[in-house]
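The lines below spell out each chain.
There are 2 protein chains.
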Amino acid sequence: MPELRKDPILGRWVIISTERLKRPSDFNEKKAEKTEAGFCPFDYGNEDKTPPEILAIRKDGSHPNKPGWTLRVVPNKFPALQIEGDLNREGNGMYDRMNGIGAHEVIIETQEHNLLMSSFPVPVMKDVLWTYRERIKDLRRDRRFKYVLIFKNHGEAAGASLEHTHSQLIALPVIPIAVEEELSGSKDYYDYKERCIFCDMIRQEIAEKERLVTQNTDFIAFEPYASRFPFETWILPRRHFSHYEATSDDLLETLANIFLEVIGKLDRALDHPPFNFMLHTTPFTTDQIDHYHWHFEIIPILTKVAGFEWGTGFFINPTPPESAAGYLREIS
Amino acid sequence: MPELRKDPILGRWVIISTERLKRPSDFNEKKAEKTEAGFCPFDYGNEDKTPPEILAIRKDGSHPNKPGWTLRVVPNKFPALQIEGDLNREGNGMYDRMNGIGAHEVIIETQEHNLLMSSFPVPVMKDVLWTYRERIKDLRRDRRFKYVLIFKNHGEAAGASLEHTHSQLIALPVIPIAVEEELSGSKDYYDYKERCIFCDMIRQEIAEKERLVTQNTDFIAFEPYASRFPFETWILPRRHFSHYEATSDDLLETLANIFLEVIGKLDRALDHPPFNFMLHTTPFTTDQIDHYHWHFEIIPILTKVAGFEWGTGFFINPTPPESAAGYLREIS
Chain R
60 MPELRKDPIL GRWVIISTER LKRPSDFNEK KAEKTEAGFC PFDYGNEDKT
110 PPEILAIRKD GSHPNKPGWT LRVVPNKFPA LQIEGDLNRE GNGMYDRMNG
160 IGAHEVIIET QEHNLLMSSF PVPVMKDVLW TYRERIKDLR RDRRFKYVLI
210 FKNHGEAAGA SLEHTHSQLI ALPVIPIAVE EELSGSKDYY DYKERCIFCD
260 MIRQEIAEKE RLVTQNTDFI AFEPYASRFP FETWILPRRH FSHYEATSDD
310 LLETLANIFL EVIGKLDRAL DHPPFNFMLH TTPFTTDQID HYHWHFEIIP
360 ILTKVAGFEW GTGFFINPTP PESAAGYLRE IS
Chain P
60 MPELRKDPIL GRWVIISTER LKRPSDFNEK KAEKTEAGFC PFDYGNEDKT
110 PPEILAIRKD GSHPNKPGWT LRVVPNKFPA LQIEGDLNRE GNGMYDRMNG
160 IGAHEVIIET QEHNLLMSSF PVPVMKDVLW TYRERIKDLR RDRRFKYVLI
210 FKNHGEAAGA SLEHTHSQLI ALPVIPIAVE EELSGSKDYY DYKERCIFCD
260 MIRQEIAEKE RLVTQNTDFI AFEPYASRFP FETWILPRRH FSHYEATSDD
310 LLETLANIFL EVIGKLDRAL DHPPFNFMLH TTPFTTDQID HYHWHFEIIP
360 ILTKVAGFEW GTGFFINPTP PESAAGYLRE IS
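Protein sequences, first through last, are from chains R and P.
Number 386 in our numbering belongs to position 327 of the first sequence; there are no gaps in the numbering.
Number 341 in our numbering belongs to position 282 of the second sequence; there are no gaps in the numbering.
It is worth saying that the hints were derived from the structure and are not from the lab.
What you were told as hints is all true, and nothing was included just to trick you.
Intra- or inter-copy, both count: the list cannot distinguish identical chains.
Taking lysine-lysine pairs in the DSS-like style, the calculated list, with each CA pair at most 25 Å apart, reads:
| id | residue 1 | residue 2 |
| --- | --- | --- |
| 1 | 108 | 136 |
| 2 | 268 | 81 |
| 3 | 65 | 268 |
| 4 | 205 | 246 |
| 5 | 363 | 136 |
| 6 | 196 | 185 |
| 7 | 81 | 108 |
| 8 | 363 | 81 |
| 9 | 65 | 252 |
| 10 | 136 | 81 |
| 11 | 125 | 108 |
So here's chain R without its partners, still in its complex pose:
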């Protein structure tokens, strides 16, 4: 059973993952495993090599866990958290722990093993974004969960262990500290200004233009003023929405458009970099709120996080966001 342990100083939770247990020798052997060729459990025809599917897009009405799909959601075979059980919060001397209860799912975005997200047709990307919404809506009904993180690791340097394009979700029984900090920071701003901080950022980025990457009727993409990483890019809805799961089908279409445009620009500017993206949205514990605004954060992996970043929480970014945005705007 995985365990959630709380850092007593910072209040940050850590997952001690027993399903993925590693001894010292496993770290040394890791490279060898990676070069092993061939078999992919996400490939078309290998439906019985994953745990049974939770959701699938099957345009021909075919049967679950058989061919006929264009997108599948399955439980992660080596989940960081376990779906069954109770939290059993308890102390251990001065420390705090609970059982590692949560959901860990994989979104297999396409049948095609070698298709990169930047080459997805719009309808495929729209299906991916639709699936994120439907899974959040469904997991919201489980009263044990307070938050769902949707994320993608693309490329080995970005933490992907399988090549076949996929994203993941983890549903959590606590609101993660990074989300709490964003909620609290944006609440402070709202209390002082009576405006959403993200809406203000959107207004300033549209007015100044220098960090703007692209925009359409419903969405905007820009390099944030205090970008942690070179070519860090955020995508936000231009109108205020706090919860991703409230996104309409119409908006999923314009979101798919801008998402593909941004990923395509990053791919061309940086020669197919490894990247992560994360959906930041409001926890299940509140309904529509005025101070938080859902968005995607996309970070190409071009620099290393090292001692300075770990020790300070600062980041050193060698590419000013104004330059990065300039390069990306030039790419058609």
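Starting from the known structure of chain R, arrange chain P on it as the hints suggest.
Quick look at chain P alone, frame taken from chain R:
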């Protein structure tokens, strides 16, 4: 001139580093550069290839910036922050910035290009630890600075760009957010319990033994209960001290002993892993305090930080600290 920019939501500062400016093509060329052979500016005899030294240990009374040294401290040739100038805090619409003023120094720990820290004789390690203390004491006198971070990046995966063993320091005009959070978390604990949280951790680790790596008369090394990373190891003085720069010469000796023992164990258990270590100490803005306790955090780089960690601030650790401590204790 490098720039410090504040994230408006989180209050986290980011360094936009102009000295290290990178265009898209620089990231693609990076690998090629790395394999270039040969010349090392930190080698004995190359003293004129670094900026002039700030401090050196020269046992034979030789001249600055000439051979004869066993340890040198020099300004970083490509500093993340610039030593001259004023902060000039100012706004840019809703955003905040200041000039990137600070010190960025390199501690060249030994003449010998190929000597790993785990093979340092005790007097060499003691000199390194003495140097950290002396540099902090000196930089404390500059009223523009509020904090000095001492850190080491060892190995390319840990962010080192030069092989010759060295550590670094960065003096900052603001207290970094990671330090603020530790100070505030440990203050909350102190206000509630009237005890230092680190002293309490030491007591519990000595009593329970299962996460203990080693100890001597003055120091203890253990795997923290909520370790973020496999084999994350902390070294703390057993008696309460808030500021590293108050460490006596006697304690530097026992610290050198335990430091070498821990690094040696990690090296043998994990086959010379890349690692970072960071000194966590109290900012210049306070004198001796009861609630914060200086310590070193050592993190071998064995896993990737990916979308889940960026999106939540959680970490997934596949090696329980009790197992890691067990492996390390077995190594003599």
